Amino acid sequence: MGSIANKNELKIIARELRLDILEATTKAESGHLSSSFSSVEILTALFFNGILRYRSDEPLWPERDRFIMSKGHAAPLLYAVLAKAGYFSRDELWRLRQAGSPVQGHPILGCMPGVEATTGSLGQGISLAIGHILGARLIKKDFSAYVLIGDGECQAGQIWESAMAAAHYQMQELIVILDYNKFQEMGPISREMGLEPLTEKWQSFGWYTQEVDGHDVQKISAALKTLQEVKEKPSILIAHTVKGKGISFVEKDFTWHGRAIKDPEQYEMAKKEILCG
Amino acid sequence: MRLGEHAGLKDSKPLRDIFGEALLDVVRDNPKVVVLDGDLGNSTKTELVRKAFPERSFNIGIAESNLVCIGAGMAGVGLIPWITSFSSFLLCNAYDQIRLSVAMSKINAKILGSHGGITLGKDGPTQMGIEDLALVGGFPTMVILVPCDPASMRAAVRAATDYEGPVWLRSSRYAMPEVYSQDLDFVIGKANTVREGNDLTIIANGLMVAAGLDAAAELADEGIEARVIDMHTLRPMDVEAIVSAAKETGAIVTAEEHLLHGGFGSNIARVVAENCPVPMRFVGLEDTYVESGDPDELLKKYHLTSGDIENMAREVLAEKRKAK
Ligand SMILES: Cc1ncc(C[n+]2csc(CCOP(=O)(O)OP(=O)(O)O)c2C)c(N)n1
Ligand SMILES: [Mg+2]
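Going down the list, the protein sequences come from chains A and B. Following the numbering used here, the numbering of the first sequence begins with 1 at its first residue and continues without gaps. Following the numbering used here, the numbering of the second sequence begins with 1 at its first residue and continues without gaps.
Be a bit skeptical, because a hint or two may be false.
[Unchecked claim] A few chain A residues that don't get close to chain B, going by computed Cβ distances all over 12 angstroms: (1) K27; (2) G50; (3) R55; (4) A85; (5) F88; (6) D91; (7) A99; (8) P113; (9) K182; (10) E185; (11) E196; (12) P197; (13) K219; (14) V242.
[Unchecked claim] Label-pair restraints from in silico Cβ distances: (15) B:E240 <-> A:R137: 40 to 50 angstroms; (16) A:S204 <-> B:H261: 44 to 54 angstroms; (17) A:E185 <-> B:K106: 27 to 37 angstroms; (18) B:H261 <-> A:M269: 53 to 63 angstroms; (19) A:S204 <-> B:K122: 38 to 48 angstroms; (20) B:K122 <-> A:G258: 45 to 55 angstroms; (21) A:S101 <-> B:E196: 43 to 53 angstroms; (22) B:V243 <-> A:R191: 54 to 64 angstroms; (23) B:D11 <-> A:K201: 47 to 57 angstroms; (24) B:H261 <-> A:R137: 39 to 49 angstroms.
[To be verified] Listing some non-contacts, in silico: residues in chain B with all C-beta distances to chain A over 10 angstroms: (25) M1; (26) E5; (27) D11; (28) G197; (29) K247; (30) C276; (31) E291; (32) A323.
If you're looking for bench data, these hints aren't it; they were derived computationally from the structure. No experiment lies behind these values; they were computed from the predicted model shown. We put the beta carbon where it would ideally sit given N, CA and C, even for glycine.
Model the full assembly from the supplied sequences, consistent with the hints where possible.
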């Protein structure tokens, strides 16, 4: 169950998640470090500040809230969070992306406990969450679904198909969090394929929207609690983030997308910044 | 002559109507079954379920990617979703979604790919599924069922629902004649011999089973005894039935309402080549898109008739004799 930690503990959790992601991706010599770092505080709020209802010792607890990592390339973050939440041993993280390991490069349903969906082709997570909720309504279960999507991911048509459907079903049980780090793989979103006015787009699709500093765990948590109270509408938390947050040279250079830190000097520098950040 | 006439098969309703009735039966029997539609329930006949069980029917609209993933999500609470539309729209708009959220996830979802083949006729090639089974073949975890008549459609809907895992079911607008009596043995992965014979084997699926039986009746008049196999499951393939056919009859003709390229004939040929090479011929669609038209005219024009099977049978028999 998502226990409520104090402010300092939350900071430590976020720091440890970054260290684990760094180590796992460096060991794997690959993996989406910067995309993972940008969502660390979002998942810290969700899993470790009493928002998401889950039982790591009973991963398929029928009443659990669903968390679906739609931006599946942030798998290193998902695994680090699930390990910290007690779904499996932290040692599993060091088998990331290795042959014969269940810790697949992108999440696969059924490979690791706590993974709710197979993702890695962007755009599918909200639809899956809608299915869980429609099903829950039918079998009279009461849970919410949380979905993390990327901003580049919002270019996908299916995002808007699902946005339309969630509003149609007045899906108050659905909360999407948008990691708005302003970058996609090939560069700044505004240069590659602009999304603005983005908040207005979601509003015009019938969603309740709220914006937040995506690296402030307290503010994210408070915002999510507000969204839990929204009635007869799905809601989206647009979290303004920095891609690669916590490592200065990664923050400054979007070409780190999809790359791990392999250079030992850079690795030490990154570790120091995370520890002191 | 209508399909199945020479073989003495009884005429029936369009296969899609049978599907709708069969689906209604399983929805009635199993409270876990839900039906998802891509705004085609009147064509696929899931509208029968919608009328009787509106709360378990969901029209997701003209958004197949969303449709497939919503269905997959419903499996995540233990329901058994039947995700339904034309095969062309599902596979061409939501291949990625089926691949990740259904096949790779190995969830307990069923997909109806309606209007497979060319016999939807007049709506033309954009609606047809001439490549559907080749595409579904790309999902290694998925069972693929192609029923050939009313009884096997009913049995297939039930077997698919009872099976734990992803299943694809091909349906059709065409009225396929009754190959089976009501109480057939329908086991996933186990082909049915619908006519005994030892001179050659016709292995068919879908409406080509009736065409195969017509051809066998005609060949019998010439003193040739053809075995006819209904290979209703494309995956897993009944390797044993194929190998026995090769060994016992020494010649094989396959027949399918599908592109030959990537079709089931080529899969059968692989099994034959590996186990017991014998002369083979293939009835199916050459590399082309088929145009609008009356279904029976199209079947004739594109060489998917009992006559085409007979011609191939004579060729393959000549080759078999020469080899001896
Ligand atoms: C459908 C699809 N197309 C392309 C990709 C390759 N890809 C992986 S991550 C990525 C960029 C994603 O950008 P964004 O959603 O902004 O996520 P971020 O990494 O910035 O958090 C791309 C194009 C993919 N995974 N899925
Ligand atoms: Mg981004």
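Evaluated hints:
no. : hint                                  : verdict
1   : K27                                   : holds (25 angstroms)
2   : G50                                   : holds (24 angstroms)
3   : R55                                   : holds (16 angstroms)
4   : A85                                   : holds (19 angstroms)
5   : F88                                   : holds (19 angstroms)
6   : D91                                   : holds (26 angstroms)
7   : A99                                   : holds (17 angstroms)
8   : P113                                  : holds (14 angstroms)
9   : K182                                  : holds (26 angstroms)
10  : E185                                  : holds (17 angstroms)
11  : E196                                  : holds (24 angstroms)
12  : P197                                  : holds (23 angstroms)
13  : K219                                  : holds (30 angstroms)
14  : V242                                  : holds (29 angstroms)
15  : B:E240 <-> A:R137: 40 to 50 angstroms : holds (46 angstroms)
16  : A:S204 <-> B:H261: 44 to 54 angstroms : holds (45 angstroms)
17  : A:E185 <-> B:K106: 27 to 37 angstroms : holds (29 angstroms)
18  : B:H261 <-> A:M269: 53 to 63 angstroms : holds (55 angstroms)
19  : A:S204 <-> B:K122: 38 to 48 angstroms : holds (40 angstroms)
20  : B:K122 <-> A:G258: 45 to 55 angstroms : holds (49 angstroms)
21  : A:S101 <-> B:E196: 43 to 53 angstroms : holds (52 angstroms)
22  : B:V243 <-> A:R191: 54 to 64 angstroms : holds (60 angstroms)
23  : B:D11 <-> A:K201: 47 to 57 angstroms  : holds (54 angstroms)
24  : B:H261 <-> A:R137: 39 to 49 angstroms : holds (44 angstroms)
25  : M1                                    : holds (47 angstroms)
26  : E5                                    : holds (46 angstroms)
27  : D11                                   : holds (39 angstroms)
28  : G197                                  : holds (45 angstroms)
29  : K247                                  : holds (39 angstroms)
30  : C276                                  : holds (36 angstroms)
31  : E291                                  : holds (30 angstroms)
32  : A323                                  : holds (46 angstroms)
Checked against the numbered hints above, the structure violates none of them.
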